[in-house]
Amino acid sequence: MKNFSYSKILSHTILILASLLFLVPVWVIFASSTHQPETILNNGLQFLLGDNFIATYKSVLFENSGYTKNITVLDMIGNSLILAFGFAIGKVVISSLAAYAIVYFRFRMGNFLFWLIFLTLLLPVEVRIVPSFEVLAKLNLLNSYTGLIVPLIASATGTFFFRQFYKSVPDELLEAAKIDGANSWQFFIDILVPLSKTMMIALFIVMFIVGWNQYLWPIMMTTEPEYSTILLGIKEIYQSNFEGSYLPEFNRAFAMIILALIAPVSVVVILQRWFIKGLVDSEK
Amino acid sequence: MGYLNIKNVVKSYNKKDNIIKNINLSVEKGEFLVIIGPSGCGKSTLLRMIAGLEDINSGEIEIDNIVVNHISPSDRDIAMVFQNYALYPHMSVEKNLSYGLKNKKIKKDIIATKVKDIAQLLQIEELLARKPSELSGGQKQRVAMGRAIIREPKIFLFDEPLSNLDAKLRHQMRLEIRKLHDKLKITSVYVTHDQIEAMTLADKIVVVNKGKIEQIGTPDEIYNNPNTLFVSKFMGTPPMNIFTCKVEKNNILFFDNIIKIDKKIDEEEIYLGIRAEDILLDVNVNMIKLSINIDMIERLGSENLIYTMLDGYEFTVKTNAHIDRNKTSIDIYVDISKFYLFSKTDEKQIKNDGLILI
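Those protein sequences? They're chains A and B, same order as listed.
Note that my numbering gives residue 142 to position 142 of the first sequence, counting from 1, and the numbers run on in steps of one.
Note that my numbering gives residue 155 to position 155 of the second sequence, counting from 1, and the numbers run on in steps of one.
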């Protein structure tokens, strides 16, 4: 063979092993989810597909579940999508605008304000969860999408990334745009946003997954089951599996896990192409 | 009163040192003005003040009889070509050209015709669909100029537009800029530190040093009649040779020679300058013979530059005579009618009606 080389074999072996490390558990969960609950309970996890795929997934997706039995998994996925999209889009919009203000409008204490924003990195949601809850309760925003999303969308990391990027954009571009008669808003929309598209997509991907995986805040915020997200749903079904007096439905739980994977995986798969394309023909 | 008037303009960034010190300047309609000076002399700041990208601390800038101090850059009717072109990287050449017009809310079909005309004028028609990253330096330069021309500005501002190009392209673009100006007759202000650009492009040159104007004049005046020591040293490659000479009454002592000047000089010492190219390798009347060691020869093809130290002064000779490679010293002749004299106190040129060698 012409291109035969040990390093090639070695690197491929490592890659294959790493992929297996990630894919095998997912496969086991998927395979197990297609079996009867009794099979899983008696024989443990399954490596081969069972014959219960359609029945399990149909019942999981379309039948009401949860303690109060008034929300389907499809609704939960919908809630998660709203949360994750709102969360990710909100973060991109807020942090790019904040960074734009900090970099391009030399207002008093701009730098100080930036570091203040940056310092909030030290204060994750968990630290401020009680006061945040209090504020939202007083605003009557508990059990609403607004309450679910808005308190989370300020992002110090995002602001920092955009700030660094905007600082690297040559001043002449701003000046050229000024001479070309663009106002601040036009400069942002026409010049900066297209230039930072790659960064926005990258931030969106990361933040979508972070948003999708939000657990603590939704569980605090939503006392009404119709606002519960897929993650809360999974948590709940496990809880009832162990606490309930009837047969634990591991097949349903596993099916929910598989369904919960679809959205973040598709976001990564679809957007990473744009992301890579942006990286390749990005220029400043 | 000119078309562009700069009156008593002062600029400082920290309220202590003025980077621009009380500049007065006027440019006629259709004139090509070149502002030249060493880096950090404030020439770019001055240009940016005309463009409206920098505030003016005091004084006034007038374009076409309108004071523009508080008018935004886009409403001043100016266009600017930047040193790094500052093309919008994500837009095609066509969009780059039309962006300014689009912001002015001009109709699409009018924009399209204008883009087409400009592209034809600058020979960039086949580049319209490309992104700036797919263009060469010279092409980017053309697009940057196109973006400026398309706005039909009252004044065209250039901020060292050729400094990112290689020597050959720079030469070519220089000629093109001048040709374009002759064709369009747009009043232009061009900032550079390159004296060849200044000499070849300008109708009028302004030499700026440390935020002050040293001299305003045509390229000829600046070169042949420098008002100050700074201008004499700054314009011309290699720079003019400068000596400090003792003076007694109206006799100047240059090495062992006494040169008589027709006016009385009150100083004990003055600066005496002679351009490298005014030094000859053969005798003539009114010439002083000097022997120099050859420290280094720069052979440029059409001419040779001889570098040496003469009595502690750096001394350069430019000649097109052939010089033997193994020669270590050479006799030269300086024509005293080519001497420039500068006051040692204020560094202004001491004008005279001719020097006589005694």
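Calculated from the structure, these hints are not laboratory results.
All values derive from a computational prediction rather than experimental measurement.
Think of the CB as a built atom: it goes at the ideal place given N, C-alpha and C, for glycine as much as any other residue.
Possibly wrong hints are sitting among the right ones.
[What the hints assert, rightly or not] Below, a list of computed lysine-lysine pairs in the PhoX-like style, where the Cα atoms sit at most 20 Å apart: (1) B:K131 to B:K263; (2) B:K233 to A:K178; (3) B:K344 to B:K249; (4) B:K95 to A:K197; (5) A:K167 to A:K178; (6) B:K105 to B:K116; (7) B:K233 to A:K197; (8) A:K178 to B:K105; (9) A:K277 to B:K7; (10) B:K263 to B:K338; (11) B:K233 to B:K104; (12) A:K178 to B:K102; (13) B:K246 to B:K351; (14) B:K7 to B:K131; (15) B:K212 to B:K21; (16) B:K246 to B:K264; (17) B:K263 to B:K7; (18) A:K138 to A:K197; (19) B:K185 to B:K212; (20) B:K95 to A:K178; (21) B:K210 to B:K185; (22) B:K318 to A:K178.
[Unchecked claim] Here chain B is said to cover these stretches of chain A; the calculated rule only asks that three of the stretch's residues, wherever they fall, bring their Cβ under 8 Å from a Cβ of chain B: (23) 25–36; (24) 168–176.
Going down the list of hints, with the structure as the test:
1. B:K131 to B:K263: violated (65 Å)
2. B:K233 to A:K178: violated (38 Å)
3. B:K344 to B:K249: holds (15 Å)
4. B:K95 to A:K197: holds (18 Å)
5. A:K167 to A:K178: Status holds; Cα separation ~17 Å.
6. B:K105 to B:K116: Holds - the C-alpha atoms of K116 of chain B and K105 of chain B are around 18 Å apart, at most 20 Å.
7. B:K233 to A:K197: Measuring from Cα to Cα gives roughly 50 Å; hence the hint is violated.
8. A:K178 to B:K105: holds (15 Å)
9. A:K277 to B:K7: violated (52 Å)
10. B:K263 to B:K338: This hinted pair holds, its Cα atoms lying about 17 Å apart.
11. B:K233 to B:K104: Roughly 46 Å between the alpha carbons, so the hint for K233 of chain B and K104 of chain B is violated.
12. A:K178 to B:K102: holds (13 Å)
13. B:K246 to B:K351: holds (17 Å)
14. B:K7 to B:K131: violated (41 Å)
15. B:K212 to B:K21: Between K212 of chain B and K21 of chain B the Cα gap is close to 6 Å, so the pair holds against 20 Å.
16. B:K246 to B:K264: holds (13 Å)
17. B:K263 to B:K7: violated (35 Å)
18. A:K138 to A:K197: violated (38 Å)
19. B:K185 to B:K212: Violated, at roughly 28 Å.
20. B:K95 to A:K178: holds (16 Å)
21. B:K210 to B:K185: Given that 20 Å is the threshold and the Cα spacing comes to 31 Å, the pair is violated.
22. B:K318 to A:K178: Violated. K318 of chain B to K178 of chain A sits at ~47 Å, over the 20 Å cutoff.
23. 25–36: violated (count 0)
24. 168–176: With 5 residues in contact (Cβ-Cβ under 8 Å with chain B), the coverage given for the stretch 168–176 of chain A holds.
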